[in-house]
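K.L.:
Sequence:
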Amino acid sequence: MAEIEVKSDIAGTVWKIMVAPGAEVAEDDTLVILESMKMEIPVSSPEDGTVKSIALAEGDAVVEGQLVLVLEV
Numbered sequence: 273m274a275e276i277e278v279k280s281d282i283a284g285t286v287w288k289i290m291v292a293p294g295a296e297v298a299e300d301d302t303l304v305i306l307e308s309m310k311m312e313i314p315v316s317s318p319e320d321g322t323v324k325s326i327a328l329a330e331g332d333a334v335v336e337g338q339l340v341l342v343l344e345v
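If you count by our numbering, then the sequence shown holds residues 273 to 345, one letter each, in order.
Hints are not guaranteed to be accurate.
Said to hold, decoys possible - Here are the simulated distance ranges between beta carbons: (1) E275 - M309: 14 to 24 angstroms; (2) K310 - A274: 13 to 23 angstroms; (3) S308 - M273: 27 to 37 angstroms; (4) A329 - I276: 17 to 27 angstroms; (5) S325 - A298: 32 to 42 angstroms.
In case anyone wonders, no lab produced these hints; they're calculated from the structure.
For glycine and all other residues, C-beta sits at the position ideal for the given N, C-alpha and C.
Full structure from sequences and hints, please.
P.N.:
The following block contains the structure:
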């Protein structure tokens, strides 16, 4: 299986993690919600797959380009 690293497009804070390792996800499913400048920004799945690992916890600060999670596709 191939792996895809899902990274943040923005700097902010992890507001809510919507999935757990082992979860099956479909393309465009919301994986994580980030907060930036009092706005909630979803991080979506780039394609169908299984969540292999999550690199952050709720409340963590995140920078642009930082690894959020890894998908197996």
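K.L.:
If a hint holds in the structure, say so; if it does not, say that too.
P.N.:
Here is how each hint holds up against the structure:
no., hint, verdict
1, E275 - M309: 14 to 24 angstroms, "violated (31 angstroms)"
2, K310 - A274: 13 to 23 angstroms, "violated (36 angstroms)"
3, S308 - M273: 27 to 37 angstroms, "holds (32 angstroms)"
4, A329 - I276: 17 to 27 angstroms, "holds (21 angstroms)"
5, S325 - A298: 32 to 42 angstroms, "violated (19 angstroms)"
Taken one by one, the earlier hints fail for this structure at numbers 1, 2 and 5, listed in ascending order.
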